[in-house]
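These are the residues of each chain, in order.
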Amino acid sequence: MIYGWKSKEMPPWGPTISQINVGLLVVMTLMFMAWNGCSSKEDSKPEIRTNTVVSFLGGAILHAESDERCREVIAALEDMLTLSPAELRQQRYSDYQGNPGVWTITTLLKRQFMPASAMYLDSLQFYEDYTTPEAQAVIKDLMESLKSELEADSLGQVVGPERN
Amino acid sequence: MPVRCFHHPGRQGVISRGGRSYCQRCRDDQQAAARRVDGHVKPRECFVRYASRDNWMSIYGTGCAHWVAHQKRLMHRGAGSERCLDGYIVRIPDLVSGAKKITDLKNVKKDDIYVMRPLSNRKNHCGLVIAAKPDAKKGVKITIQHDSSEQGGVVTDDFHSHFKGKGFFYRG
Numbered sequence: 199m200i201y202g203w204k205s206k207e208m209p210p211w212g213p214t215i216s217q218i219n220v221g222l223l224v225v226m227t228l229m230f231m232a233w234n235g236c237s238s239k240e241d242s243k244p245e246i247r248t249n250t251v252v253s254f255l256g257g258a259i260l261h262a263e264s265d266e267r268c269r270e271v272i273a274a275l276e277d278m279l280t281l282s283p284a285e286l287r288q289q290r291y292s293d294y295q296g297n298p299g300v301w302t303i304t305t306l307l308k309r310q311f312m313p314a315s316a317m318y319l320d321s322l323q324f325y326e327d328y329t330t331p332e333a334q335a336v337i338k339d340l341m342e343s344l345k346s347e348l349e350a351d352s353l354g355q356v357v358g359p360e361r362n
Numbered sequence: 092m093p094v095r096c097f098h099h100p101g102r103q104g105v106i107s108r109g110g111r112s113y114c115q116r117c118r119d120d121q122q123a124a125a126r127r128v129d130g131h132v133k134p135r136e137c138f139v140r141y142a143s144r145d146n147w148m149s150i151y152g153t154g155c156a157h158w159v160a161h162q163k164r165l166m167h168r169g170a171g172s173e174r175c176l177d178g179y180i181v182r183i184p185d186l187v188s189g190a191k192k193i194t195d196l197k198n199v200k201k202d203d204i205y206v207m208r209p210l211s212n213r214k215n216h217c218g219l220v221i222a223a224k225p226d227a228k229k230g231v232k233i234t235i236q237h238d239s240s241e242q243g244g245v246v247t248d249d250f251h252s253h254f255k256g257k258g259f260f261y262r263g
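First to last, the sequence lines map onto chains A and B.
Take 199 as the starting number for the first sequence in the working numbering and just add one per residue.
Take 92 as the starting number for the second sequence in the working numbering and just add one per residue.
Be careful, since some hints might not be right.
Listed below are the simulated BS3-like cross-link pairs for lysine-lysine, each with C-alpha atoms no more than 27 Å apart in a straight line [as the list claims (entries may be wrong)]:
| hint | chain 1 | residue 1 | chain 2 | residue 2 |
| --- | --- | --- | --- | --- |
| 1 | B | K163 | B | K228 |
| 2 | B | K257 | A | K345 |
| 3 | A | K345 | B | K255 |
| 4 | B | K163 | B | K133 |
| 5 | B | K257 | B | K229 |
| 6 | B | K200 | B | K255 |
None of these hints come from the bench; they were simulated from the model.
Just so you know, these numbers come straight off a predicted model, no measurement behind them.
Looking at chain B on its own, in the form it has when it is part of the complex (with noise of 0.2 Å):
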């Protein structure tokens, strides 16, 4: 049976990403979408989604999240909540949903996730540390990779000299 188009289902499917298979249509606006999506998201061309009536528009919002659950291979799951064109997080809240809580800084470890606020914040930034090592003075060193829209991409950052020492660990 011939793969169809999952928005138009009339549509031969040419294209498929994040278990969908998408028509010629389909796939022509969503490079033209990522054209729009800013130049701070990585990767770019799959932070778009489907409006409606053979639109694609770029996920609102920044790619923060987007970035951590790639390298992580963070897959969304469920219905509700945004998701990107290969079906990774967007979204802060789901990139730590069912996560462990890292309750000790001495314990942070590379690939756990920070999150700068508490998750009950109106607003909020995330990023993925790439490193945790004994420190004389802090206690512990800990680097941190993030998407940072502010600084036009993905930089590296120390926690307790750029993000002073507050925010949250995440493991899972």
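So here's chain A without its partners, still in its complex pose (with noise of 0.2 Å):
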């Protein structure tokens, strides 16, 4: 049995001074890492387990200029409805000049839409996510409205400042 040093005010039921000790240093230990960037404040967010894709697409914008850089996007969306991860993981989509073959499925994402707010897109966790129903709503969603718009654009119903 280890006996420490105690105060005479110390009732007997008192902390010794070795548990002190290890109290201090735990607590110490725990500042310096808070201190020394061992987590920053982004770190620090308890883990929540969100569907990455839903996350992402939810909101998002596609920054797009012309009538085919958007085809091709749609066409995207599409395969994320059809086609299995280790099918999709095999597709490869144009870059911004058209030139065919470029892209993976979440390089093309990336590279086109601006999502919500401020995320990281894991790409392993993508192929995990994308084929749940949530996220397939999601897809689904964005496809049509981009399809709409397509149609809408192509019949000049995007009107000019007056009518905004």
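Join the two chains, each given in its own frame, into one complex according to the hints.
In structure tokens:
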């Protein structure tokens, strides 16, 4: 049995010096870790498992100038609705300049879409998440929106400033 | 009191950008991430953001709104949405938030912001008016400069021919 020094005022069940030292060591170690950048403000957020595809595409804006780019993105979204992860991994899409077979699906999404808020699209997680029903619903909704906007563009329904 | 890194308070800040200080490790990672940014993005070196645990990454999407924000010095305010390393706006809705919509093409002026489609659309593109002059045929000839991913950088195009006379103008 290990005994430590106790103050005369301290009751017999009070902490020993060795107990205090261990406690202080733990507190100081935790303070050091926090202060020394072991975790940043963003890192310290609790890990909540969210569907990365839903987070990324829900509310995202497609940055595209031409109808051709929009059609390529719609084709990619259609692939996300119909292809298996193994098949989708093999697919390649054209880049900004229309060079065919250059980008993977995740590169295409990252290069063309700006998500509603800052986030990281993990490529491995993407292939696990895009087949879930909630992700498929978001993909379908986005694809339908882009199709109808493309159709409106071709019909000249994008109006001038006097009618906006 | 020494300036500390915005993301790592235990580290000394060696550079300040967009009102925030960053450590040497962040600075190196910012430069590495900037090298992965697509060539059309101008300026390129600030189109990066902190991901987590010492990782910096290029911002997603194209650089059209970011370029306009730099030209007009439109800083991102508030939390929630994305900003570049220098603190400028990168999203089209943020760019025209609070701006006045121009309802008559005749009133469009240099430095107005051009947005290709309605803000409610899921796809969009934007640019900056660099000239607006009376024109016998079109009423007004509007020249737009924009950071084009498809044309590979900042280019100048005519509103009526390149953009088919479609789109919206904002001032502010």
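Right, here's what the structure says about each hint:
About 30 Å separates the Cα atoms of K163/B and K228/B, which puts this hinted pair outside 27 Å; it is violated. The hinted pair formed by K257/B and K345/A meets the criterion: a straight-line CA distance of about 18 Å does not exceed 27 Å. At most 27 Å may separate the alpha-carbon atoms for a hinted pair to count; K345/A and K255/B meet this at roughly 20 Å. With a C-alpha separation of about 14 Å, the suggested pairing of K163/B with K133/B holds against the 27 Å cut-off.
Restraint check: the Cα-Cα separation between K257/B and K229/B comes to about 13 Å, which is no more than 27 Å; the hinted pair holds. Proposed proximity of K200/B and K255/B is supported: the alpha carbons are some 18 Å apart, at most 27 Å.
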